[in-house]
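**Student:** Line order of the protein sequences matches chains A and B.
Throughout the first sequence, residue numbering follows this note's numbering, covering 1 to 129 in sequence.
Throughout the second sequence, residue numbering follows this note's numbering, covering 1001 to 1610 in sequence.
Be aware that a few hints might be false.
[Stated by the list, open to error] Some, not all, of what chain A presents toward chain B, calculated at C-beta under 7 Å: (1) Met-20; (2) Ser-69; (3) Gly-70; (4) Gly-73.
Hints in this document: simulated from the structure, not taken from any laboratory.
The beta-carbon is built from N, C-alpha and C at its ideal position, and this holds for glycine as well.
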Amino acid sequence: MPKLTIQDLEKIRAQARFAMAVREGGEFRAKVNVHMGTCGIAAGARAIMTALMNEVATRGLHDVLLTSSGCAGLCSQEPMITVELAGRPPVKYVNLTEAKIREVFDKHILGGAIVKDWALGIGSEKTDT
Amino acid sequence: MTEQPRTKTYRLHLMVCAGTGCVSNHSFELKTALEAEIRKHGLEDEVSVVPTGCNGFCERGPILVVQPGDIFYQQLAVKDVPHLVEEHFLKGRPVVKHMYTPPEGKTPVPVLSDIPFFKKQVLIALRNRGLIDPEKIDEAIARDGYKAQAKALTEMTPEKIIAEITLSGLRGRGGAGFPTGLKWQLVRNAVSSNGGQKYIVCNGDEGDPGAFMDRSILEADPHAVIEGMVIGAKAVGATAGFVYVRNEYPLAVERLGTALRQARDYGLLGRDILGTGFDFDIQVKRGAGAFVCGEETALLGSIEGRLGEPRPRPPYPAQSGLWGKPTCINNVETWANVPAIIHRGAKWYAGIGTPTSKGTKVFSLVGKINNTGLVEVPMGISLREIIYDIGGGIPGGKAFKAVQTGGPSGGCIPKDKIDLPIDYESLSAAGSMMGSGGMVIMDEDTCMVDIARYFLTFTHDESCGKCTPCREGTKAMLDILTRITAGQGVPEDIVLLEQLAQAIKDSALCGLGKTAPNPVLTTLRYFRDEYEAHIRQKKCPAHVCRPLNTYTIDLRLCLDKGRGCDVCRRNCASEAITGRKNEAHAILPAQCIKCGICFDVCAFGAVKVD
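Chain A extracted, bound-state conformation (with noise of 0.2 Å):
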């Protein structure tokens, strides 16, 4: 295997830290939940997740949560997400494509600003937990 020098020790450096940047912890600047109930896959959940975790990746964020949940009750709207922005009140996304996902992901969650064309509404049901 042919020897490394410096230059290729720092292009394996960027490319790993890039793999493990969500372990640098801190606080989340956004936490982001994929309703991946059976209607949600199969409207395409799948796709969505996957379309959110390029997003972190071709950013490096480590500061945006990433977590799948059951079924909203929404089937006829999947696939649906929630941004939770830090402080803010949940925002529920419905009806999503890949487009619409790096629509949210720049003005919602960098931005800050709610996409209210495909916004459900704000605020979740409430829990007993």
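Position chain B relative to chain A; hints supplied.
**Tutor:** Chain B only, in chain A's frame:
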């Protein structure tokens, strides 16, 4: 170069502790179960399971930390995995029942950095613990691994490296605290006959009872040690190095071997490192587990294939070490500090600690303490902060009595010195020493004479036998201590112990012999009254030395609470207990062999010990 394409990213990283402590609590099985469950839910492209080195909070293992989020799960079992994966990693709901609740608290603390055990720690030697897979060099590189090495090899002269280490104030972490920069300068200045060969050695022969700092560093971040040694090699002008590590540390040996192979493959070790023309390679030498081989001259002898026995110094290894060549030998933790100093600068490092002791120190916290584990703290922190804030205090609400630092070569420090700021000088002024970092906590139920006897048993067993003071002197001291704990001590014993201790200190060949009397001397200094109680009143105040105990039965408790349950009589091996079921029982002193079984089996506290 690695199995996966480097750009592969995951939304969740499950950092499973795979240090020896958690591994013995089945963390490898936990990892396998997690991976299987994650595949079952089709999450394998989103969630990655990463084995790491020791997290530090060994008491609570096996440990899993979820990133991002820093969610700390403890004491997980394979049976918990399906629920955990479904709730947290699939549905995004962290599972409260596996979180940690501090002893005095009621609510669980979900986030690692909020847990008191971790709050006061400052990580330099352990900077990568829990954050990298030690078997993947790319992960070490991502966390600035080999950056200091590249800097040292391309931008720094040997003199500049030594000046930086000197300025940092780094001192040997193996115990004696010799200034590292000065040692390197001595090796650099030493003239080597025969082609100028010099050697670098890493001392990983960790033998103190209850100590596991070096093992944990080698398991969690072997690359830090390798990188430190390469930097040291450039500074002193060495081309070959050895890591001497105990064979009873199989995981450390394996991970170090993997790390060396990966570093060699990348050209970070071997010929023409990083294309700079500098050659240096490292071999692993496995020790058979003799305590004396932690002594540097014995260690060097063992590497050469000779008997692991110390030899007189001078000449010091810096002048005449391995095969008579100048040799720079430092401990695992010392080497692990070196890259951080070169990378972040001597001034940064010297800004941490006390005027004479800079940086941080890794301690293993064991004994009568709630949070058994591995901690790294800035020099100058008080014992109180380590024992109460980090260690969580003494189990069962018992009173703290003393702490043994420096292992069998160190000494005990009593509770009135609990606010002592820890550094090399303060510990030796207290009669103990920094040592390699073992901290054995003792509570009110510990007998200090018995502890001294325990450590003497250890040093006597491990004495190599080469010099008479250590071989015969520790035996003579041990005999006296054994006699005292058996109730046969005489008043002259204390003076005799002190004289023997002084004679051994003055005349033993190596550091191990010279320091072997320390546990006796410090317990005599701080707990002389306990020795006197054993000798004069024939009493052990902590009731540990059973031959000195008197057992009696409280009639009222026996009848009222126990209703004469008869368990003590049935268990008594010497038929020393009288009484029938439902009646009061009593012990016949003449027949009692003081085994203490009646005390152990009585469920009503009716058997009293004095």
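**Student:** For every hint, state whether the structure bears it out.
**Tutor:** Now for the hints, and whether the structure bears them out:
1. Met-20: Given a least distance of 5 Å, the restraint on A/Met-20 holds.
2. Ser-69: 5 Å, holds
3. Gly-70: 6 Å, holds
4. Gly-73: Since the shortest Cβ distance to chain B is 14 Å, the answer is violated.
Going through the hint list in order, the structure does not satisfy hint 4, though it satisfies all others.
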